[in-house]
Amino acid sequence: MMSDDEDMSYDDDEYPPYDDDDDQGDYDLEEAESSRGWDEDGGSGELVEFSLLSGRDIRARVDAAISEISSFLSVSNEAALVLLCKHGWNVSRIHEEWFSDEAKIRKSSGLTVPEDSSGGAEVRGKGTFFCGICLENYVHNNSINCSAVTAACGHVYCENCWRTYVNTAIIDGAGSLFLRCPEPSCRASVAGMINSLASDENRGKYEDHVLRSFVESKKTIKYCPAPGCEFAIECLIGDGSNCKVCDYEVTCNCSYRLCWNCSEEAHSPVDCETVAKWILKRNSEAENTNWILANTKPCPKCKKWIQKNQGCMHMTCPAPCKFEFCWLCTGPWSEHGEKTGGFYSCNVYQEAKRNCEYNEQERIREMAKNSLQRYTHYYERWNSNRLSRKKVMADLDELPARILDKLSDIHRLTKSELQIITDAWVQVAECRRVLMWSYAYGYYLPENYDQAKKKFFEYLQGEAEFTLEKLHSLVEEELLKHTEEGASSGEYLRLQNNVFYLTRNTRDYFQNLVRALANGLQS
Amino acid sequence: MQQSRARLFKEYKEVQREKSADPDIQLVCDDSNIFKWNALIKGPSETPFEGGVFQLAFSVPEQYPLQPPQVRFLTKIFHPNVHFKTGEICLDILKNAWSPAWTLQSVCRAIIALMAHPEPDSPLNCDSGNLLRSGDIRGYQSMARMYTRLAAMPKKG
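Residue numbers (full-length UniProt numbering), protein chains in the order written: chain A, 1 to 523; chain B, 1 to 157.
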């Protein structure tokens, strides 16, 4: 049995709420963790609780169920396993059926009567026998390939054929949990022989089938969908009625953050239904055209096709052109700054349509009434943020080696000062995720939606996006200048200070956006 | 590959030896390819298939006997579990209930048993299945008998 404190409990209340009075002086390292939750309203931790289960934890639960059944019903562990797999790991149902009609449940589960308590294969020592699989007659002579192996039901095949039979079944899949004697008329389970006949590798696979069967039978446990991750996540819902989207988000041990409800990657502030619709739409329209549209654009000045491979939206065309432009609207970057007073309007679809500067673009934007164009607008922005986030996540992994170590050497920084930079990167990743889904949200706002609300949404989205772009280019581009030998520490500290406050601002703006989406854009 | 060949060769020799053992089944291996077999089976008595001779085609996979052979009717037959056009057979032992202890001979026996005891609840031929499910035994039998006469009996000169 496993005890509860073995679980890694993920409870939102563990982390201190964001404190506005916090200043740089008592910057709290733990605060980095709180970027995972947006729900300032609190209390959500009581509704949904998660625990992470490692392969070993699941194994422990499986063993507990097996030993409960085997000791109550006085059957072998293998027989208990067959009963559990057959009855969806429902211990009480097995008890009930067993005590109301033992013969019937034995028969339907393929357990022989009386049950062979050894459960294993028996090798007979004498005489000749005929193997019904390879159709050979054997004289028993103790050599491996022609030993007779008898199942609990009494049917004999040669050891070689038994091994191939069992191993093939395991490779074939979870059907091996219900593997029967090869004799066509015999319904007996041969689960008791798996251990002695399967290869080491396949024994491991069989074990996986067992664990998977257990997890799949439990409505409250789901496997982490990240490839190669062996963890499962158990979800205990107190009262599902008041749950918000973000309540179902949980970070697995492998650092993959998912929505437990729909098993997609975390997608707050958008609900599971919208995400499912969006993914379906994306899959059906994600043809080459869309890839090209979303991943490449001609430089607005020299018209050379450019594929975006860096995180932020500030693009610089390769030399000799060197034109700087915004990836989203392909307008000159110089018009995007605060100083020029230009409003960062890349999120406003209608605006973009009105203010277009290039004839070619004008023609395309005129076709914007067409639904594909509308979709493409949102899809490009959704995808840009998705790719940008992916890049940020990859950069985060090598941040210490690539940036932090150099900064620390050159400017002699403390651990908590370096943490400011990491926090900023974490914040950028999380905001890219929210921004990405906010475009799916925008796409599904009905055409005839309250214009004031729509404007309000686009305003919040624009503000959030603007600060995020600033923060992103600060930590992606500006920061690099300070990792060179001989960089001025005074200037660096000014930058670090900027990063710190901008991280906080960005978070505030995104919290506003998330909160507004959560309450249906009531201003 | 080697194992399936060895096993099929055993079955081949067994068939040669017991040629007259089961008068209802005549299994023949393709001269040039041991993975291709043909069989002639007699329609079971007291069924609409009585008096008919049906030809089956076997295609044996390299993983045989761990995987089942593919079998289909070459002779047209009106039966709920046989596809009317392709001759494909819906029989559990040819799918998930396969066991390596089955042989081509015993598969033929299972198909004869299926002819006598159709499973209208998992039909490949819905017309045939519907007749049985609606209880129209006479309708089913006369259709099946007609196709037996048309396709599975020697034409009278």
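Hints were generated in silico from the structure; no laboratory data involved. Do not rely on the hints blindly, as some may be mistaken.
Here are the computed lysine-lysine pairs in the BS3-like style, where the Cα-Cα straight-line distance is at most 30 Å [unchecked claim]:
1) B:K13 - B:K36
2) B:K36 - B:K10
3) A:K86 - B:K95
4) A:K107 - B:K95
5) A:K104 - B:K36
6) A:K415 - A:K390
7) B:K76 - B:K95
8) B:K95 - A:K218
9) A:K415 - A:K470
10) B:K76 - A:K205
Chain A is faced by these chain B residues, among others (derived, beta-carbon under 8 Å) [unchecked claim]:
11) R7
12) K10
13) E11
14) Y12
15) G51
16) V53
17) P65
18) S99
19) A101
Predicted, not measured: the structure shown is a model, and the values here were computed from it. The beta carbon of each residue, even a glycine, is placed where N, CA and C say it ideally should be.
### Message
Hint validation: Y12 of chain B versus chain A, beta carbon distance must be below 8 Å. Holds or violated?
### Response
This hint is violated: Y12 of chain B lies away from chain A, its Cβ roughly 11 Å from the closest one there, beyond 8 Å.
### Task
Report holds or violated for the interface hint on G51 of chain B, using the least CB-CB distance to chain A and a cut-off of 8 Å.
violated (29 Å)
### Hint consistency between K76 of chain B and K95 of chain B [alpha-carbon to alpha-carbon, up to 30 Å]
holds (22 Å)
### Query
Taking the least C-beta to C-beta distance, is V53 of chain B closer than 8 Å to chain A?
This interface hint is violated because 25 Å lies over the 8 Å limit.
### Query
Given the hinted pair K415 of chain A and K470 of chain A, is their alpha-carbon gap at most 30 Å?
holds (24 Å)
### Query
Going by Cβ atoms only, is E11 of chain B closer than 8 Å to chain A?
Cβ of E11 of chain B sits 7 Å from chain A, so the hint holds.
### Task
Please work out if K36 of chain B and K10 of chain B have their alpha carbons no farther apart than 30 Å.
With a Cα-Cα distance of about 15 Å, the restraint between K36 of chain B and K10 of chain B holds, given a limit of 30 Å.
### Message
Does the closest beta carbon of chain A sit nearer than 8 Å to the beta carbon of S99 of chain B?
### Response
holds (4 Å)
### Message
Can you confirm whether the C-alpha distance between K104 of chain A and K36 of chain B stays at or below 30 Å?
### Response
violated (42 Å)
### Query
Does K415 of chain A pair with K390 of chain A here, judged by a C-alpha cut-off of 30 Å?
holds (26 Å)
### Message
Between the alpha carbons of K107 of chain A and K95 of chain B, is the straight-line distance 30 Å or under?
### Response
holds (22 Å)
#### Entry: K10 of chain B as chain A interface residue, shortest Cβ-Cβ below 8 Å
holds (4 Å)
The structure fails hints 5, 10, 14, 15, 16 (numbered hints given earlier, in ascending order).
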